[in-house]
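Asks: Just so you know, the first sequence maps onto residues 1 to 488 in full-length UniProt numbering.
No wet-lab data here; the hints were simulated from the structure. Where hints are given, some of them may not hold.
[Claimed, not checked] DSSO-like mimics (lysine-lysine), calculated; alpha carbons at most 30 Å apart, straight line:
hint, residue 1, residue 2
1, LYS233, LYS63
2, LYS404, LYS343
3, LYS441, LYS454
4, LYS15, LYS233
5, LYS477, LYS454
6, LYS477, LYS343
7, LYS91, LYS203
8, LYS477, LYS340
9, LYS454, LYS357
10, LYS343, LYS406
11, LYS340, LYS90
12, LYS357, LYS406
13, LYS203, LYS90
14, LYS284, LYS115
15, LYS140, LYS161
16, LYS63, LYS115
17, LYS441, LYS480
18, LYS105, LYS308
19, LYS63, LYS15
20, LYS195, LYS284
21, LYS203, LYS287
22, LYS284, LYS19
23, LYS115, LYS90
24, LYS90, LYS63
25, LYS233, LYS166
26, LYS287, LYS357
[Unchecked claim] FRET-style restraints, in silico, Cβ to Cβ:
hint, residue 1, residue 2, range
27, ALA350, SER123, 28 to 34 Å
28, TRP485, LYS63, 30 to 36 Å
29, ASN175, LYS63, 38 to 44 Å
30, GLU125, GLU333, 35 to 41 Å
31, SER300, TRP485, 23 to 29 Å
32, SER123, GLU98, 25 to 31 Å
33, LYS14, ASP478, 53 to 59 Å
34, TRP485, ASN332, 23 to 29 Å
35, GLY236, GLU413, 37 to 43 Å
36, HIS296, TRP485, 28 to 34 Å
37, THR353, LYS464, 27 to 33 Å
Beta carbons: idealized from backbone N, C-alpha and C, even for Gly.
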Amino acid sequence: MQQNLFVYNTLTRKKELFKPINAPHVGMYVCGPTVYSDVHLGNCRTYISFDLMFRYLTAIGYKVRYVRNVTDAGHLEGDAGDEGEDKIAKKAKLAQLEPMEIVQKYTVGFRDVMKVLNNLPPSIEPTATGHIIEQIEMVKVILEKGYAYEVDGTVYFDVEKYNKTKDYGILSGRNLDDLLNNTRTLGGQEEKHGKLDFALWIKAKPEHLMKWPSPWGVGFPGWHLECSAMSQKYLGSHFDIHGGGLDLVPTHHTNEIAQNVACCGTNPANYWVHTNMLTVNGQKMSKSLGNSFLPHELFSGENSILNKGYTPMTVRFFMLQAHYRSTLDFGNEAMEASEKGFKRLMNAFALLTDGLKASATTEVEIAPLMERCYAAMNDDFNSPVLIAELFEASRIINSVYDGKLKIDAANLEQLTVLMNTFVVDVLGLQNEQAANDDLPKVLNFIVDLRSGAKANKDYATSDKIRDGLSQIGFQLKDSKEGTTWSKA
RNA sequence: GGUCGGAUGGCCGAGUGGCUAGGCAGAGGUCUGCAAAACCUUUUACAGCGGUUCGAAUCCGCUUCCGACCUCCA
Numbered sequence: 001m002q003q004n005l006f007v008y009n010t011l012t013r014k015k016e017l018f019k020p021i022n023a024p025h026v027g028m029y030v031c032g033p034t035v036y037s038d039v040h041l042g043n044c045r046t047y048i049s050f051d052l053m054f055r056y057l058t059a060i061g062y063k064v065r066y067v068r069n070v071t072d073a074g075h076l077e078g079d080a081g082d083e084g085e086d087k088i089a090k091k092a093k094l095a096q097l098e099p100m101e102i103v104q105k106y107t108v109g110f111r112d113v114m115k116v117l118n119n120l121p122p123s124i125e126p127t128a129t130g131h132i133i134e135q136i137e138m139v140k141v142i143l144e145k146g147y148a149y150e151v152d153g154t155v156y157f158d159v160e161k162y163n164k165t166k167d168y169g170i171l172s173g174r175n176l177d178d179l180l181n182n183t184r185t186l187g188g189q190e191e192k193h194g195k196l197d198f199a200l201w202i203k204a205k206p207e208h209l210m211k212w213p214s215p216w217g218v219g220f221p222g223w224h225l226e227c228s229a230m231s232q233k234y235l236g237s238h239f240d241i242h243g244g245g246l247d248l249v250p251t252h253h254t255n256e257i258a259q260n261v262a263c264c265g266t267n268p269a270n271y272w273v274h275t276n277m278l279t280v281n282g283q284k285m286s287k288s289l290g291n292s293f294l295p296h297e298l299f300s301g302e303n304s305i306l307n308k309g310y311t312p313m314t315v316r317f318f319m320l321q322a323h324y325r326s327t328l329d330f331g332n333e334a335m336e337a338s339e340k341g342f343k344r345l346m347n348a349f350a351l352l353t354d355g356l357k358a359s360a361t362t363e364v365e366i367a368p369l370m371e372r373c374y375a376a377m378n379d380d381f382n383s384p385v386l387i388a389e390l391f392e393a394s395r396i397i398n399s400v401y402d403g404k405l406k407i408d409a410a411n412l413e414q415l416t417v418l419m420n421t422f423v424v425d426v427l428g429l430q431n432e433q434a435a436n437d438d439l440p441k442v443l444n445f446i447v448d449l450r451s452g453a454k455a456n457k458d459y460a461t462s463d464k465i466r467d468g469l470s471q472i473g474f475q476l477k478d479s480k481e482g483t484t485w486s487k488a
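From just these sequences and the hints, can you work out the full model?
Replies: Now the structure itself:
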């Protein structure tokens with residue numbers, strides 16, 4: 001925990017030294033998915049980015065409570081007025097299913113994808129439907145403090161009143177006049193006092209499936225409310241990090257801050273962290289644009305955009321090769337480059353794990369490399385620079401393995417610590433070898449047969465074995481010490 | 001239209017006043033029966049035009065192009 005970590009804060013638009021409110025404890029809240037359809041790859045990028053932060057904070061000694069919600073109610077379809085319809089309820093009607101069936105299906109799907117991408121589970125994963133009471137209580141407080149008003153069973157947040165004493169645009173950097181002048185006029189908003197006002201609680205129509213009783217009648221919570229209520233419940237009214245996708249800044253997080261300030265008098269988080277978008281041909285990947293594709297399509301290659309499938313770890317590595325605040329453009333060429341790079345890194349790691357020979361003397365010092373790895377991550381979680389350093393480590397490992405470089409036991413030990421810390425713990429990368437215990441024995445036997453053929457200069461046979469294994473997906477490497485194999 | 005952000009070599013992608021980012025691809029070499037892998041060497045760059053500076057990809061201004069948000073979105 002002796003690291004000086006700098007984090008880019010959207011509030012100040014600067015990198016700031018990270019100082020937890022109550023070290024070594026860190027509270028981190030990340031806006032999770034709305035579970036009304038499959039997560040797409042862009043969503044995955046965001047959660048991989050926050051997983052990286054969670055892992056690094058933990059690796060440098062912090063005790064992190066990582067809260068990531070699942071929004072299973074209240075998320076509006078269409079505009080923010082009462083014309084909107086609950087996304088989950090809408091899908092349920094179409095599919096002739098109970099809303100909670102939809103929620104269950106996509107929650108399970110989301111968790112499965114998170115797991116294959118090797119994202120650690122958050123400490124707490126609260127749901128909106130599980131916190132209706134907390135949300136109603138928050139609406140009551142905001143009403144009491146005078147920042148909200150009720151119209152016919154729906155409660156709205158009064159943005160213009162709030163902005164008289166507070167700064168509504170503190171996060172987005174926009175001032176209220178600009179917002180008022182540039183907001184498009186939408187229908188169905190007659191009952192709102194101001195056009196920026198948003199719903200805290202929404203009156204349910206009779207046919208609405210997901211609804212709860214409240215002091216204002218039967219209804220359901222507004223979209224932004226659950227994050228305010230749940231972050232407060234599990235992290236307190238003032239915690240360290242609040243994160244989400246960059247597209248949440250102007251509306252969701254702006255409203256969230258307003259709700260918390262109105263309710264508790266304080267901006268809930270010291271550091272607001274936002275991840276950038278995944279693009280396809282330069283355009284944001286999104287459900288509404290129709291250019292999104294699903295994780296399993298990427299893994300299997302079953303999408304017209306894709307030349308082939310890529311393993312989950314290749315996808316993770318691809319995303320970590322870009323900084324979280326840059327847009328990342330998806331492409332087949334880039335994916336293939338990452339696939340090969342990832343393999344190179346993991347091959348070196350495997351050589352290290354299998355055991356390298358230590359010498360009495362050393363020609364390399366690992367300590368400076370270790371420092372550079374920490375420095376990269378301390379600079380706002382700069383994983384691409386970290387990965388560049390890990391390729392330097394790989395070069396050292398390969399050279400030692402080839403007998404071209406000497407390393408002593410102390411430095412070898414440090415190199416092992418470095419690779420384990422950064423590849424496994426921080427980046428969350430893991431080998432994807434087929435988990436079949438018999439396979440290595442069979443392969444070793446075949447390799448042995450081939451070595452016999454080679455010794456007899458029966459190259460026709462030895463090449464046939466090598467080419468055959470290559471087609472199945474195993475690569476043979478001949479060297480003076482003998483032949484080794486690896487999964488291609 | 002308003003607000004904000006971006007433009008880096010064949011591709012992806014770091015960097016931010018002077019020192020090689022890195023990966024993939026390309027070229028040459030070492031090794032090998034031949035390969036592959038690995039190692040060594042190496043080509044291609046900072047959108048355009050001005051300005052500040054001893055020195056700018058990096059700072060400032062303008063131009064062009066692209067994107068995000070303003071409406072549900074990670």
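Asks: Give a verdict on every hint.
Replies: Right, here's what the structure says about each hint:
Of the supplied pair hints, the one linking LYS233 and LYS63 holds, its CA atoms being roughly 18 Å apart against a limit of 30 Å. Taking the CA atoms of LYS404 and LYS343, the gap is about 22 Å. The hint holds against a cut of 30 Å. With a C-alpha separation of about 20 Å, the suggested pair LYS441 and LYS454 falls inside the 30 Å cut-off, and the hint holds. For the suggested pair LYS15 and LYS233, the alpha carbons sit about 28 Å apart, so the restraint of at most 30 Å is met.
Distance restraint check for LYS477 and LYS454: the Cα-Cα separation of roughly 13 Å lies within the 30 Å cut-off, and the hinted pair is therefore satisfied. This hinted pair checks out: LYS477 and LYS343 have alpha carbons roughly 15 Å apart, not beyond 30 Å. Distance restraint check for LYS91 and LYS203: the Cα-Cα separation of roughly 19 Å lies within the 30 Å cut-off, and the hinted pair is therefore satisfied. As the CA atoms of LYS477 and LYS340 are separated by approximately 17 Å, the hinted pair is consistent with the 30 Å bound.
Annotation: proposed proximity of LYS454 to LYS357 holds, straight-line Cα distance about 27 Å (limit 30 Å). This hinted pair checks out: LYS343 and LYS406 have alpha carbons roughly 24 Å apart, not beyond 30 Å. Between LYS340 and LYS90, the direct Cα distance comes to roughly 43 Å. Violation of the 30 Å bound is thereby established for this hinted pair. Taking the CA atoms of LYS357 and LYS406, the gap is near 9 Å; set against the 30 Å cutoff, the hint holds.
Between the alpha carbons of LYS203 and LYS90 the distance comes to roughly 16 Å, so the proposed pair stays at or under 30 Å and holds. With a C-alpha separation of about 24 Å, the suggested pair LYS284 and LYS115 falls inside the 30 Å cut-off, and the hint holds. Restraint check for LYS140 and LYS161: the C-alpha separation of about 17 Å stays at or below 30 Å, so the hint holds. Under the criterion of a C-alpha separation no larger than 30 Å, the hint pairing LYS63 with LYS115 is consistent with the structure, at around 22 Å.
Between LYS441 and LYS480, the direct Cα distance comes to roughly 21 Å. Compliance with the 30 Å bound is thereby established for this hinted pair. Distance check on the hinted pair: LYS105 and LYS308 sit about 27 Å apart at the alpha-carbon level, within 30 Å; holds. Restraint check: the Cα-Cα separation between LYS63 and LYS15 comes to about 22 Å, which is no more than 30 Å; the hinted pair holds. A distance of roughly 27 Å separates the Cα atoms of LYS195 and LYS284; the hinted pair therefore holds under the 30 Å criterion.
Among the hinted pairs, LYS203 with LYS287 is consistent with the structure: their alpha-carbon atoms are about 27 Å apart, no more than 30 Å. Taken as a hint, the LYS284 and LYS19 pair is broken in the structure, with Cα atoms around 33 Å apart against an allowance of 30 Å. About 28 Å separates the Cα atoms of LYS115 and LYS90, which keeps this hinted pair within 30 Å; it holds. In summary, the hint linking LYS90 to LYS63 is not supported, as the alpha carbons are separated by about 40 Å, beyond the 30 Å threshold.
Taking the CA atoms of LYS233 and LYS166, the gap is about 23 Å. The hint holds against a cut of 30 Å. Taking the CA atoms of LYS287 and LYS357, the gap is about 52 Å. The hint is violated against a cut of 30 Å. Taken as a hint, the range 28 to 34 Å holds for the pair ALA350 and SER123, whose Cβ atoms sit roughly 32 Å apart. Checked against the hint of 30 to 36 Å, the pair TRP485 and LYS63 fails, with Cβ atoms roughly 43 Å apart.
A hinted range of 38 to 44 Å holds for the C-beta pair ASN175 and LYS63, which are about 39 Å apart. In this structure, GLU125 and GLU333 meet the distance hint of 35 to 41 Å, their C-beta atoms being roughly 36 Å apart. The hint said 23 to 29 Å for the Cβ distance between SER300 and TRP485, and at roughly 26 Å that hint holds. For the pair SER123 and GLU98, the supplied restraint of 25 to 31 Å holds, since their beta-carbon distance comes to about 29 Å.
In this structure the hint that LYS14 and ASP478 lie 53 to 59 Å apart at CB holds, the actual value being about 54 Å. Range check, TRP485 to ASN332: Cβ separation about 28 Å, and the 23 to 29 Å hint holds. Against the hinted window of 37 to 43 Å, the Cβ-Cβ separation of GLY236 and GLU413 comes to about 41 Å, which satisfies the hint. Between HIS296 and TRP485 the CB atoms are about 29 Å apart, so this pair conforms to the stated range of 28 to 34 Å.
Taken as a hint, the range 27 to 33 Å holds for the pair THR353 and LYS464, whose Cβ atoms sit roughly 31 Å apart.
In terms of the numbered hints stated before, the structure departs from hints 11, 22, 24, 26, 28, listed from lowest to highest.
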